[in-house]
Amino acid sequence: MTIYNFYLFNTNGKCIYYKDFQRTRKNDMDLEEEFKLIFGMIFSLNSFSTKLCTKDSAQQLKSYTTNTYKMFYMETLTGYKLILNTDPDALGINDLLQSIYKTFADIVVSNGLIDPNDKVNCEDFENTISQLITSHSSYQKTSLLKK
Numbered sequence: 010m011t012i013y014n015f016y017l018f019n020t021n022g023k024c025i026y027y028k029d030f031q032r033t034r035k036n037d038m039d040l041e042e043e044f045k046l047i048f049g050m051i052f053s054l055n056s057f058s059t060k061l062c063t064k065d066s067a068q069q070l071k072s073y074t075t076n077t078y079k080m081f082y083m084e085t086l087t088g089y090k091l092i093l094n095t096d097p098d099a100l101g102i103n104d105l106l107q108s109i110y111k112t113f114a115d116i117v118v119s120n121g122l123i124d125p126n127d128k129v130n131c132e133d134f135e136n137t138i139s140q141l142i143t144s145h146s147s148y149q150k151t152s153l154l155k156k
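Numbering (the working numbering), first residue to last: 10 to 156.
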């Protein structure tokens, strides 16, 4: 199991933080273009799942899976969108997303000197997120996966 990358979008759909952990396939696409595609896909999947929902309660997309990866998604009450791409067998990712959001709220949102809608450029946040993800049970070094 492993964790590939993490995206954090603000309420306007702008990617304010991105971290690549073990992305095994590099693409030639510009990162800004990738951010737009990821956000558009999440927006469309949310809309689609809401329209298919047969219950009166709100339907929320949590993840989707392909043969090679699983995309986990969490939207906060304040409209921030957190996305983690993992391999399909990763476990405990929804709890990890909650921990990441708590870190974001504690370090970035509560800091009056940082605008939480701008690109996150905070060493404390960067270090804490890296530590949270790399110490998670679903994170393994790519070299270990190839054995």
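Be a bit skeptical, because a hint or two may be false.
[To be verified] Quick list of simulated restraints, FRET-style, between CB atoms:
1. Asn130 with Ser53: 35 to 45 Å
2. Asn76 with Lys35: 16 to 26 Å
3. Thr143 with Lys64: 37 to 47 Å
4. Lys35 with Thr63: 16 to 26 Å
5. Pro97 with Asp29: 32 to 42 Å
6. Asp133 with Leu61: 23 to 33 Å
7. Leu122 with Thr74: 23 to 33 Å
8. Phe57 with Thr77: 20 to 30 Å
9. Lys71 with Gln140: 29 to 39 Å
10. Thr63 with Asn130: 16 to 26 Å
11. Asn120 with Leu61: 37 to 47 Å
Worth flagging that the hints you see were computed from the coordinates, not collected in a lab.
Note that beta-carbon positions come from the ideal geometry of N, C-alpha and C, so glycine has one too.
Hints versus structure:
1. With their beta carbons about 30 Å apart, Asn130 and Ser53 fall outside the hinted range of 35 to 45 Å.
2. The hint said 16 to 26 Å for the Cβ distance between Asn76 and Lys35, and at roughly 19 Å that hint holds.
3. Checked against the given bound of 37 to 47 Å, the beta carbons of Thr143 and Lys64, roughly 38 Å apart, stay inside it.
4. Under the hint 16 to 26 Å, the C-beta atoms of Lys35 and Thr63, about 41 Å apart, miss the expected range.
5. Checked against the hint of 32 to 42 Å, the pair Pro97 and Asp29 fails, with Cβ atoms roughly 19 Å apart.
6. Here the CB-CB span from Asp133 to Leu61 is close to 41 Å, at odds with the stated 23 to 33 Å.
7. Hint check: Leu122 to Thr74, Cβ distance near 40 Å, so the stated range 23 to 33 Å is violated.
8. For the pair Phe57 and Thr77, the supplied restraint of 20 to 30 Å holds, since their beta-carbon distance comes to about 22 Å.
9. Taken as a hint, the range 29 to 39 Å is violated for the pair Lys71 and Gln140, whose Cβ atoms sit roughly 24 Å apart.
10. Roughly 44 Å separates the CB atoms of Thr63 and Asn130, a value that falls outside the hinted 16 to 26 Å.
11. Separation of Asn120 from Leu61 is about 40 Å and conforms to the stated range, judged on CB atoms against 37 to 47 Å.
Violation of the numbered hints given earlier is confined to hints 1, 4, 5, 6, 7, 9, 10; the remaining hints are satisfied by the structure.
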